[in-house]
Amino acid sequence: MIPVLGRSLVLLAVLVSVVGAMVGFAAGIRPSPAGRLWTRRFAYAFAAAMLLANAVMVYALLARDFSVSYVAQVGSRQVPDWVAVVSLWSSLEGSILFWGAILGVYVAAATRSLGDRHPEHMPYAVGVWLACGAFFSFLLAGPAHPFATMLQVPADGPGPNPLLQNHVLMIVHPPCLYLGFVGMTIPFGLASAALLAGQLGHDFLRTLRSWLLAPWVFLTMAIVLGGWWAYEVLGWGGYWAWDPVENASFLPWLTATAALHSALLVERKGVLKGWTVTLVQASFLLTILGTFMTRSGVFNSVHSFTQSAIGPTLLAFLATALLFSVALLATRIDRLSPDGQLEGARSRDGMFLLNNLVLVLFTFTVLLGTVFPLVVEALRGVQMSVGRPYFDRMSVPLGVALLLLMGVGPALPWGRATTAQLKNALLPPLAGAAVFSGIGLALGARNAWTLTTLAFGGYTAQVTLRELWLPLRQRLYHGGESLGKALVLTQRHGRRRIGGYVVHAGFVLIVIAIAVSSTMGVDKEVLLHAGESTELGPYRLTFVRADQVDEAHRTSLVARIEISRDGRAVGMLSPRMNHYHTQREPIGTPAVRTGFGHDLYLSIMNVDPATQTLGLHALLNPMVGWIWIATAIMAFGGVLALLPAHRRAEPARAPSQAPAAMALPQ
Amino acid sequence: MNRRVLIAGTALVVPLVAILLVGLGRDPHVVRSPLIGRAAPSFSLRPLGGGPPISLESLKGRAVALNFWATWCVPCVQEHEVLAGAARTWGAKAQFLGVVYEDQEDTALDYLRRKGSAYPSLFDEGGKAAIAYGVFGVPETFFISPEGRIVEKFVGPLTPSELSANLGKALEATP
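Residue numbers (our numbering), protein chains in the order written: chain A, 1 to 666; chain B, 1001 to 1175.
Because the hints were derived from the structure by calculation, they are not lab data.
Possibly wrong hints are sitting among the right ones.
[Claimed, not checked] Here are the computed lysine to aspartate or glutamate pairs in the DMTMM-like style, where the Cα-Cα straight-line distance is at most 25 Å: (1) Lys1169(B) x Asp608(A); (2) Lys1115(B) x Glu1105(B); (3) Lys1169(B) x Glu1057(B); (4) Lys1128(B) x Asp608(A); (5) Lys1128(B) x Glu525(A); (6) Lys485(A) x Glu467(A); (7) Lys1093(B) x Glu1147(B); (8) Lys269(A) x Asp203(A); (9) Lys1060(B) x Glu1172(B).
Looking at chain B on its own, in the form it has when it is part of the complex:
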């Protein structure tokens, strides 16, 4: 038995395996948004199909679920029902808002007419809001506390349980 080899080998192997074990549950694709915990960038955008612009400031006091979506995005179609359902149940406490991302206004309007919508979707001319929120792709959903802070960001299609968990966090977040 060569003790030096044993000690050196163990000292190398055990931490390595331990680190890999810890890293096992990690999803390398998830990049945490630096905006979490910060004030949500303000916007004032015109809803699809006309009407006065809606600004973030005007929604103070209610939690906001801000969902960036597009008609060409398959996962957005998947989560459409989830969002519409949740908007009806949470409607009293939280405001749901859609933001159309890199899409034509009439295509989006036509899509909403066919699918039905439970909350306003805004048209982001020139993608300024998407840039301010650092949107990488769609769908991405930001959960904003009643005071206007971003509490959580969710990438990908939401399930009902994930949606309620995040929205609950946004509502509980008090300064």
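Excised from the complex, chain A in its bound form:
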């Protein structure tokens, strides 16, 4: 019963998305109120079908209905209900179904919020969204069908991948990543619509930018949450390894970041329209590439192509989307004519261009490192992998350059600057650079790149804080307002700008934290017998005993380690080694004591309760906690920029080029 209901809903989604996409394109070519109305109806119908299909699957997972193939594959009577729900995105077919739900939510939300505001663009945009929806519902109907009926209904299932049951972050990270990845479909549709309609006016650009910013915020959080999960669960002491799965999420982030910045140039100067649209297209295409690269489980690289038909289908979709984008750009980019011109390098404009250049270079660097092993194997039949050294060597200078540009750009005025202006703008933040690198030196930083990062970080921090402080000061000293009122009014009247600088502040913090944590950590590996201790930094670690803990789905060996700092007991840490009954290799869970200065990170290499011996890997990771804090700051900034602005306070800097956009809803 449940499989039939699920399959029917998936088929309904295929139907409404295919028809809806055709209606959308038709309504774009021959505009009519009825066409637009029906396009919207199909968009809602697609969303409803997808959400209902997901609801059916969640019900089946909770009811442990093993007649549904996906439930038989990942469900289990042994796991708690929250794991059963999380199983929705724990494996290939379910994750595609979940993708459909998120796409449905996005399409419905965008359709609803934009209504009839951009009548020349919207039918095309909805058409593109539904075309993507058609592909994903087709995947669910054919190559990755989660609702197949089990002929022999098993009594119980294996449960999801044990790694995913290990940490509560697994509830948050995948939905966040999907909201980022799938959300890129919306700006892709809007950018394609701008090309198809042959115009990118001021009003539509703002729409495009907001709908790009929303998934960008989620993607930013998802990338870091993924790193946090790796740090808390995988036990090797780090948070980023340039794994293809990680790169897959980083690539669209880079191009989307570039697009968010070039969109500002379009808004201010009316230039780089085609370039901005290209970056938006690229962000979407990279999410599909990423999905393809990670076997389309997105975060799940356990599946290989040989086991599923989803690889070729995804590749076909990627190739189609790539060719569609190239053809669209080649035929229509010239219609997006510029309304102004760029100033020279000695201006904020020039810095924006440089920032875009660095971000695109960064994208190519990571992309090359990710696909290079494939190239080598295809050409020479040799297996190889591009390791951290390549990525670290290439990304550190690029990241540091971005950090400096984030300081220099906002310090410069728009348009051409005189030499005196340049001096006034660029010299004062050197104080911040000196302060930050001085603190670093005093605390023992000696690595040249770390010191450079600190100096550039200090420079940018000063510029950023000044940009945040200036409007506030204006209100406080000249307007005579109270601090609270000034804060509220400042953010209300310049949310986007302030949000942007808050994001910058968070980013400065992240880059510094990454530089410090990756160059200034200490670690040691020791063999301890019960009762023995070892020293690490200010800590004394005493191995008390090792216990065996038996649970329904796993047996864990837990090492109890007493921690004292400068002679005072501060608590107990219990890293564990888990043997899941369904897995060959044991999986360790580290124990982390997070602090403002540094984390104490303990991970088991081997442990034997019989002889009470412990091989311990202990690390002192400085500033790692700040990465998580800084991400929260960035997300806050992004959300602030997304909140609807008070229109009155935002002077229109370019006349609206789309008078039709003002048309009243029918």
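Could you slot chain B onto chain A? The hints should help.
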């Protein structure tokens, strides 16, 4: 039509799709053993249940299928019948050997008594042979030519056809 965009776009897109297409059949989990084509590491191990040690040298002239296994490994249980059957058919040309990997001797012996065995299984004290062969997990099967070179390594449970194909390769491999 903007020719530059078209050319740049095509130059970027076509190779990328081509590379992904080639990579489609690739299984990223397979790591080729560097031992393939090299002389098989020698060993001399005591069979389960007693008896004189068996060394690789003593088997020169016959192909060897060296199967690392354990009683706790589900895929090993799956391939047990396949190996036992093949050992009976290929027995004249090839020697089948099991090596117990990270397991208790009596557990393994008990398992073989229940399941039956068609060839000797060796006890690898301290896992020295497993380390020499770079065993990552079980089951892993090494196919060794009559001259003592590793011709192929197979990861995971063997099917009859895969087993005969690999063993055929080992027998054909002459210097």
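Comparing the hints with the structure gives:
| no. | hint | result |
| --- | --- | --- |
| 1 | Lys1169(B) x Asp608(A) | 42 Å, violated |
| 2 | Lys1115(B) x Glu1105(B) | 15 Å, holds |
| 3 | Lys1169(B) x Glu1057(B) | 20 Å, holds |
| 4 | Lys1128(B) x Asp608(A) | 20 Å, holds |
| 5 | Lys1128(B) x Glu525(A) | 23 Å, holds |
| 6 | Lys485(A) x Glu467(A) | 18 Å, holds |
| 7 | Lys1093(B) x Glu1147(B) | 13 Å, holds |
| 8 | Lys269(A) x Asp203(A) | 14 Å, holds |
| 9 | Lys1060(B) x Glu1172(B) | 15 Å, holds |
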